[in-house]
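Protein chains in written order, with this note's numbering: chain A, 182 to 634; chain B, 182 to 634; chain C, 182 to 634.
There's no promise every hint is true.
Heads up, the list lumps identical chains together, so a pair's fine if it works in one copy or across two of them.
[Said to hold, decoys possible] In the PhoX-like style, the derived pairs of lysine-lysine whose C-alpha atoms are separated by at most 20 Å in a straight line are:
no., residue 1, residue 2
1, 494, 347
2, 305, 422
3, 487, 463
4, 422, 272
Because the hints were derived from the structure by calculation, they are not lab data.
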Amino acid sequence: MKEPTMKTKKVRYIWIPIIIALIAVPIGFFYVDWSKSGDGAGLYSRDWIPDAMFAYWNPDDFYQSVSTIKGEFNGEQCISCHQAVTPGIVKDWQASRHSKVEQKVYCNDCHGSNHEDLHMPTPKVCSSCHETQHQQFVDEKRYGFPSHALAMERALDSKHFVDKPKAEVTACLQCHSVATKCDSCHTRHKFSAAEARRPEACITCHSGPPHPDDETYFNSAHGQIYLAEGENWDWSKPLRKGNYKVPTCAYCHMNEGKHQVADKPIWKFGIKQVNPLSSGNKIKRKQWVKMCSDCHAADWSAQQLKAMDAERKRAWSKLYQAEAILKGLRADGFLYPSAKQRPAYPGDTKHSLIQRERIGFFEGQASAFYNVSPIERDYFEMWYFENLAAYRGSAHGDISFVNKSHKAMDKSLQKLKQHAKRLRAHGKVEVDETTLRNIWLKGEYTEFNRENN
Amino acid sequence: MKEPTMKTKKVRYIWIPIIIALIAVPIGFFYVDWSKSGDGAGLYSRDWIPDAMFAYWNPDDFYQSVSTIKGEFNGEQCISCHQAVTPGIVKDWQASRHSKVEQKVYCNDCHGSNHEDLHMPTPKVCSSCHETQHQQFVDEKRYGFPSHALAMERALDSKHFVDKPKAEVTACLQCHSVATKCDSCHTRHKFSAAEARRPEACITCHSGPPHPDDETYFNSAHGQIYLAEGENWDWSKPLRKGNYKVPTCAYCHMNEGKHQVADKPIWKFGIKQVNPLSSGNKIKRKQWVKMCSDCHAADWSAQQLKAMDAERKRAWSKLYQAEAILKGLRADGFLYPSAKQRPAYPGDTKHSLIQRERIGFFEGQASAFYNVSPIERDYFEMWYFENLAAYRGSAHGDISFVNKSHKAMDKSLQKLKQHAKRLRAHGKVEVDETTLRNIWLKGEYTEFNRENN
Amino acid sequence: MKEPTMKTKKVRYIWIPIIIALIAVPIGFFYVDWSKSGDGAGLYSRDWIPDAMFAYWNPDDFYQSVSTIKGEFNGEQCISCHQAVTPGIVKDWQASRHSKVEQKVYCNDCHGSNHEDLHMPTPKVCSSCHETQHQQFVDEKRYGFPSHALAMERALDSKHFVDKPKAEVTACLQCHSVATKCDSCHTRHKFSAAEARRPEACITCHSGPPHPDDETYFNSAHGQIYLAEGENWDWSKPLRKGNYKVPTCAYCHMNEGKHQVADKPIWKFGIKQVNPLSSGNKIKRKQWVKMCSDCHAADWSAQQLKAMDAERKRAWSKLYQAEAILKGLRADGFLYPSAKQRPAYPGDTKHSLIQRERIGFFEGQASAFYNVSPIERDYFEMWYFENLAAYRGSAHGDISFVNKSHKAMDKSLQKLKQHAKRLRAHGKVEVDETTLRNIWLKGEYTEFNRENN
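This is chain A alone, in the form it adopts within the complex:
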């Protein structure tokens, strides 16, 4: 008698989550959609208005045409007037391939002809001629972030941008606009392929923490040879075996001109630990060794990759020690302010019911820039600045940078241990609430700032 009843009950219970899901999933989609439809940008577009510069970095959403000049103009007319108004950019265009091909690409071909309704060209506009490159570029999205193609989208969906001082947000997004305009690498109005093959095209963005590519490339033997001789190379040649004495950024990361940089990294740019010998990574390793073999012995090249495995292992052993200390403190209630005591990110209150500390990559480290307890911030800096710097040194053959960064991690780990010990010994007594509040609760990275941004 009982069994059938049980069965019936089970069947009934199974329907509950199904019904909830059927309701919740569309609500979720609807909510995200609504959330993005504010005046601002990204997932939190209802919470913040980005800087005026966004007109140029995210033109699809924010650019408004100048309206002082009226009328429709053809290319020759544009040139004729702008030769007087902005001669520099006209000269750039005249030096470009756009002006030299039979069917010239004029100003209005990219910006439109109606001077009251001009637009900034996005990658889509460029793709009407440069379809292959655009396709490669967009296709990168399947590798997730970090990648050029998702640089703007994912950044805009970061909850910590809402409270950050606007100057900092602007600083981040200036480079993240690589996703939404092509002239980050091919500067206007020459849009030269030769220019983008040179390292300077990349290091406009790729320098300083957390991605000292500039520093590490130029400190390497490759970089020094480029500095000494590069000015005499023929930069019109494609990035191919035998064409360059040493590789530049693009030679390795966009070999043969393929517009994808996210397809080859083995160690995920150092941001999380990976199995460097997974089947996918074994294929990548072969690709790297093949490319290094354009100049080096294959054996030698494979050894370089092994050296990187060792460096990464060394880095992660330090990071995991640090994480363990922090998780211990959290478990025993020694983090202050704790997740519940901190003012929430807007996204936290709106998008989730439960607040938590953010320790380690998988717990949302990427949102731990600010608004955490001081010891969590110190760990974040160890992870985000020192660890990533070590990775970059390792990847670009600047071993002195590896050493410097590992020494910094050693010091940070040492300090974390001492700090944790003090916290456990003195608890909140050690904490200066007033001072902390000034910085973390009413400081530059809090809701206080949101209102003044």
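Chain A is already provided as a structure; the job is to place chains B and C on it using the hints.
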């Protein structure tokens, strides 16, 4: 009866300050004059003898001709002998316009013909041909300091130079000699205008704290494009709209070749807070926007200036917090050593009766490099290194430098708060007098040093 | 009666040390010989196996030919195949003088003809044509270390390499391989003299602590002029008076192309205090002044050397103060872990009976990188990083670097004083044994690491 008496009295009293002033003002002038007439340099010329290098940096006062060769020589004779002795500088001259114009400018035209009475050419010597440039250069003085034209004069009148280690004074003045010789920018003996148009001409001096112009320019998109392409530009062209793909230092700061850099700054190089919208600054803003519009949209350019306003406001809000803390400590007697306890600068004892702490620009911050209490020095570093670095990043479009510098200011402010709290809690107990004396009272920057300099 | 007995006794005693010496000296030689005959490298070759990269850096000991291709090949055959396999290096060779002289120098002339028994060319191989340069290079050994010629040998005999993380050892030795291969400066396969005359050839290694030659040269007026104009100079000219507007590294340190850099330094690169006016140094001073006089007045040049004397005196007065503090702590038993408490370097236990602290250059500072008490390490950093940086700034005319480094030394000295005071006040109570053990006894630079290296 009383009224007239009062009136008479008042009249009598009025004469007292007038008489004092009539006596004091000429005494003051006489004193300053006497003060500058010592063997050394500047206002404190009786207190210190500068380094031997001064012969080359301030030649009017210190250069003594070599006397090993005797006789009068004409230009051809100079060349003929120096071709063997110092062929490099002869080759430079041969490559210069001085050797190519019809009426050649020979060695003796600038150095004199009598080999026992040679002189180093000063801007005045150069002005006999380059009058316009010299006039512009000298005219800069009306903008006060910082300016090229007053760089040497004002530096020599700094009281803290007397006690500083001579190597440091020398380091400062090597660059400040820009006021007293033209070859700081147009290096000898080519004296090339093209050379001075390139950023390297400027960053020989303009790098490192407190003026990281080098770092911030080259980290900007402008700087990177210069690095990638600059070697192929035609540097013989004037600094004018349309002649250069991106601006260099001189393009913006000496546009059209005008030899004045002090006439355009809105924020006074970051050294003090200004009203960025004063009538004078509104004119300067228009000048900047006009120049940026050589390549950029006017709207965009105006936004950049607004971003600088915001950055400066943010910086000063931090600096004022720091100042308030220090003034509070001073009022309550917690600064040690206090103004009265410190050994005086020579200028202090000789030129003023009352010693005081130097907190904030208007109280003489510029003299607070040394010989202050440790917490005052920390504030000075925040103000002089971190704040000015943030300004430079902001002005040159290197926003990552702005972020780095503002984070440094945040840390400094946090430390100042904690330090102030400790001082208030423990007072002098915390202070290790012996250690302090070693550094501040008998250390490198004190009267002890003066005797050993 | 007694006297002859005494005499006899004395005679007998004299024989004891003589006999010991006769036994000990050959044993010593035998021991060192045995010690170097392990599988690894250098004096401690039984204790560690260097990284795989050593095959390329110390090829005589570690290179093993690839064995995938069989057969003997002549030069034309090498070229014909490698044009497809590694076109870049073939192009380099084609651009080199090796391919342009009448009797071409082919691949097999340096690497051998048997593809199963290839070798990496060492300086000795190059010397079969470039005898003069090789002789000069090798002759440098009589100046001891630091010198290019002894760079590898002396490094390999460093006991602290055994326990260091391998990545760090590798980082050090990558540059120290300058002793064992010529392409550190003349990069393969162009082996260009012109390339080696440019500063980039040197700064591949000479940058960063402890030898910021890169930073200090490029910050100097010399470096800036090179940066602005160097690309247009004729680098095929020898490094001789009149051929270059400003000196590069090699102009001064390898003047006239002489392959010796260790013959001219007066201050021993800053690593120990010297009498700058010894008879030997007086000769060197004249050599320097003579070279500077290629462009500058002799007086001026002599003053520059005097300024360096003053800088060095200032630096050593600080270092000696620090040393005195540490020696005091040691004498009174306040160093922890003390020499006896630390795990020994392999070399310590094997090669000496008595352990000691290493304070100051003459007590073996060079082995005090690691495995010392924290305060000793701090002193080491002051000595090795800050002091040597100050020296470099002074030597290369980058006075702002001198200031920065001296300020760092001031801070370090201040911290050492405070730390010493704490140690004396609290002794071991202050020391957190557990934490210390983690870092110094079980950390990255200990025997624990040796087993995991």
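Each hint tested on the structure:
no. : hint         : verdict
1   : 494 with 347 : between (37 Å within a copy, 13 Å between copies)
2   : 305 with 422 : neither (31 Å within a copy, 31 Å between copies)
3   : 487 with 463 : within (12 Å within a copy, 51 Å between copies)
4   : 422 with 272 : between (33 Å within a copy, 11 Å between copies)
In the structure shown, a violation is registered for the earlier hint numbered 2 alone.
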